[in-house]
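Engineer: Going line by line, the protein sequences match chains E and Z. Residue numbers for the first sequence follow the numbering used here, beginning at 1277 and rising by one. Residue numbers for the second sequence follow the numbering used here, beginning at 6 and rising by one.
No lab work stands behind these hints: they were computed from the structure. Hints should not be assumed to be uniformly reliable.
Said to hold, decoys possible - Think about it this way: if two alpha-carbon atoms lie no more than 27 angstroms apart in a straight line, the pair counts; the simulated DSS-like pairs of lysine-lysine are: (1) Z/K137 - E/K1356; (2) Z/K12 - Z/K309; (3) Z/K63 - Z/K88; (4) Z/K154 - E/K1406; (5) E/K1457 - E/K1496; (6) E/K1499 - E/K1458; (7) E/K1322 - Z/K309; (8) Z/K83 - Z/K72; (9) Z/K137 - Z/K83; (10) Z/K309 - E/K1349; (11) E/K1329 - Z/K312; (12) E/K1356 - Z/K309; (13) Z/K312 - E/K1322; (14) E/K1496 - E/K1481; (15) Z/K63 - Z/K154; (16) E/K1356 - E/K1304; (17) Z/K12 - E/K1356; (18) Z/K265 - Z/K309; (19) Z/K309 - E/K1347; (20) E/K1473 - E/K1499; (21) E/K1334 - Z/K312; (22) Z/K154 - E/K1347; (23) E/K1458 - E/K1405; (24) Z/K154 - Z/K61; (25) E/K1349 - Z/K63; (26) E/K1370 - Z/K83; (27) E/K1282 - Z/K61; (28) Z/K61 - Z/K12; (29) E/K1370 - E/K1329; (30) Z/K61 - Z/K72; (31) Z/K12 - Z/K72; (32) E/K1329 - Z/K309; (33) E/K1370 - Z/K312; (34) E/K1370 - Z/K309; (35) E/K1473 - E/K1496; (36) E/K1473 - E/K1304; (37) E/K1347 - Z/K312; (38) Z/K72 - E/K1349.
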Amino acid sequence: MIHFDKVSKIYPDSSIALEDVTFSIAPKEFVSVVGHSGAGKTTLVKMLLAEEKPSDGKIFFESTDIHSLSKEKINDFRRKIGVVFQDFRLLLHKNVYENIAFAMEAAGRTDEEIEADVPHVLDLVDLGKKIWNFPGELSGGEKQRVAIARAIVNQPDVLVADEPTGQLDPLNTYDIVQILKKINDLGTTVILTTHNKGVIDSLGKRVLTMENGRIIRDDKDGKYVI
Amino acid sequence: MMWINIKRIARSGFYGFWRNGFVSLSSILVMVVTLFVIGSIIFSGAILRGTMEQIKSKVDINVYFVKDASEDDILSFKTNLEKLPEVAPPVVYVSADDALANFRTLHQNDQFTLQALDELGNNPLGATLNIKAKDPSQYASIADYLKSKTTLSDGSNLIDKVNYYQNKDSIDRLTRIIDSADNLGLILTIFLIIVSILITFNTIRLVIYMSRDEISVMKLVGASNGYIRGPFFVAGALYGFISAIITLVLFYPVTLWLGKTTANFFVGLNVFSYYISNFGQIFLIIVFSGIAIGSISSYLAVRKYLKV
């Protein structure tokens, strides 16, 4: 489904963010990417979202080289990938309903579909009672649930979660990880970047370990070894 | 789908405008200043034009004919003069008798002059033609024409004197002042409009800078550039429209207060009367400027953050 083929990223100041990275992710897989800060996790996510172009190598999504796509096609491609960030990145002047509806509107969904799906997806992340609240009125854990609801409302093929528990307490971290597992069980491929050992050990899923822009381990049995 | 998108963009623009209350208010206040400057330029232009027209209308030249010139020759000369492209018709004919009557009226309290005139026994004044040029710079060419026609075809004298040459320095100086005022006014207008637009553009750019993270998120959920830009465009147009209405309302008391002063200082142009009688035109200019500046500034400011 996703294939990184000898991908490197070298910035103009000659710093190397990724070096000769090659791996594949199959449909419905749950893959964690771990590593210290600066290991290259976020760069890898940005490449997958077509936010940044590789200096060398290619990234394929369902056999399409995503960096050869036109601007319009990139928008279509991004709708197939849900994304969750450490800092939530909600639209601050839109309430919970509007935040989620925005992703559906961007995908060209009808008002009827939006009215039906938004409450449903909020129930899935257990946030139905906060539908009309604004982000400023939510806790960190609640904000991350909204972000997850927004990421999955268009039923993407892949959910990318970039350090989604980085700003959360252990209880909320556990809840978010459970939600991600549930989403994966429903058939969505999940890519999780984190440096939380507890999260990785509790998942027991495939782990890619990064160091200095390289993948140094690819473990099937979910070990956090750095 | 297009209609649904337009509806969603408009709704999102209105919500964004309303929910960013303080930011919207700041943008509107800055735009009011910009539109006030544009409105003031309209009023200043009207005052300048009115004053210049008044001054231009005061400039003329008189052609004094010899005493024995026949009225037919003078009137024929007048007809030829009115055909000149530089001359603003009508050329006013003052007969010798009218000139005498005018002279007597002008000096009705000067018994010594009137007595001297009576002692002459006949009318010492000749007929005159009063000529106004379409533009003060054209008096020189009219004077050249007059100089070439001082005698009739039979060689007899027709023109006694043209007062252009006595007033030439004053007319030239006035022409230069009018030209300078026109050029300076134009430069000042362009400068003020550019400065005002830049101030507004930078204010809106700051507003959109605060939304840069939201714009990048919108891009990452797959929203098209048009769908992201639309609400900002609508909010910008709203800033412009509301600012225009506030500016137009503010102009009412301001011009009312300045009306008498401008009428006294600037040879008769009352800005309040001008505002009321040209309200439709001013309304369109201010509202159009407001909406155009607001929406175009938003459009350009968002563009920078769409390159994700």
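Engineer: Now look at each hint and say whether the structure bears it out.
Structural biologist: Quick rundown of the hints versus the structure:
no.: 1; hint: Z/K137 - E/K1356; in the structure: violated, 78 angstroms
no.: 2; hint: Z/K12 - Z/K309; in the structure: holds, 25 angstroms
no.: 3; hint: Z/K63 - Z/K88; in the structure: holds, 22 angstroms
no.: 4; hint: Z/K154 - E/K1406; in the structure: violated, 96 angstroms
no.: 5; hint: E/K1457 - E/K1496; in the structure: holds, 16 angstroms
no.: 6; hint: E/K1499 - E/K1458; in the structure: holds, 21 angstroms
no.: 7; hint: E/K1322 - Z/K309; in the structure: holds, 19 angstroms
no.: 8; hint: Z/K83 - Z/K72; in the structure: holds, 16 angstroms
no.: 9; hint: Z/K137 - Z/K83; in the structure: holds, 12 angstroms
no.: 10; hint: Z/K309 - E/K1349; in the structure: holds, 20 angstroms
no.: 11; hint: E/K1329 - Z/K312; in the structure: holds, 13 angstroms
no.: 12; hint: E/K1356 - Z/K309; in the structure: holds, 25 angstroms
no.: 13; hint: Z/K312 - E/K1322; in the structure: holds, 14 angstroms
no.: 14; hint: E/K1496 - E/K1481; in the structure: holds, 6 angstroms
no.: 15; hint: Z/K63 - Z/K154; in the structure: holds, 25 angstroms
no.: 16; hint: E/K1356 - E/K1304; in the structure: holds, 14 angstroms
no.: 17; hint: Z/K12 - E/K1356; in the structure: holds, 25 angstroms
no.: 18; hint: Z/K265 - Z/K309; in the structure: violated, 49 angstroms
no.: 19; hint: Z/K309 - E/K1347; in the structure: holds, 15 angstroms
no.: 20; hint: E/K1473 - E/K1499; in the structure: holds, 9 angstroms
no.: 21; hint: E/K1334 - Z/K312; in the structure: holds, 21 angstroms
no.: 22; hint: Z/K154 - E/K1347; in the structure: violated, 77 angstroms
no.: 23; hint: E/K1458 - E/K1405; in the structure: holds, 20 angstroms
no.: 24; hint: Z/K154 - Z/K61; in the structure: holds, 25 angstroms
no.: 25; hint: E/K1349 - Z/K63; in the structure: violated, 71 angstroms
no.: 26; hint: E/K1370 - Z/K83; in the structure: violated, 78 angstroms
no.: 27; hint: E/K1282 - Z/K61; in the structure: violated, 81 angstroms
no.: 28; hint: Z/K61 - Z/K12; in the structure: violated, 55 angstroms
no.: 29; hint: E/K1370 - E/K1329; in the structure: violated, 31 angstroms
no.: 30; hint: Z/K61 - Z/K72; in the structure: violated, 30 angstroms
no.: 31; hint: Z/K12 - Z/K72; in the structure: violated, 83 angstroms
no.: 32; hint: E/K1329 - Z/K309; in the structure: holds, 18 angstroms
no.: 33; hint: E/K1370 - Z/K312; in the structure: holds, 23 angstroms
no.: 34; hint: E/K1370 - Z/K309; in the structure: holds, 22 angstroms
no.: 35; hint: E/K1473 - E/K1496; in the structure: holds, 16 angstroms
no.: 36; hint: E/K1473 - E/K1304; in the structure: holds, 23 angstroms
no.: 37; hint: E/K1347 - Z/K312; in the structure: holds, 10 angstroms
no.: 38; hint: Z/K72 - E/K1349; in the structure: violated, 93 angstroms
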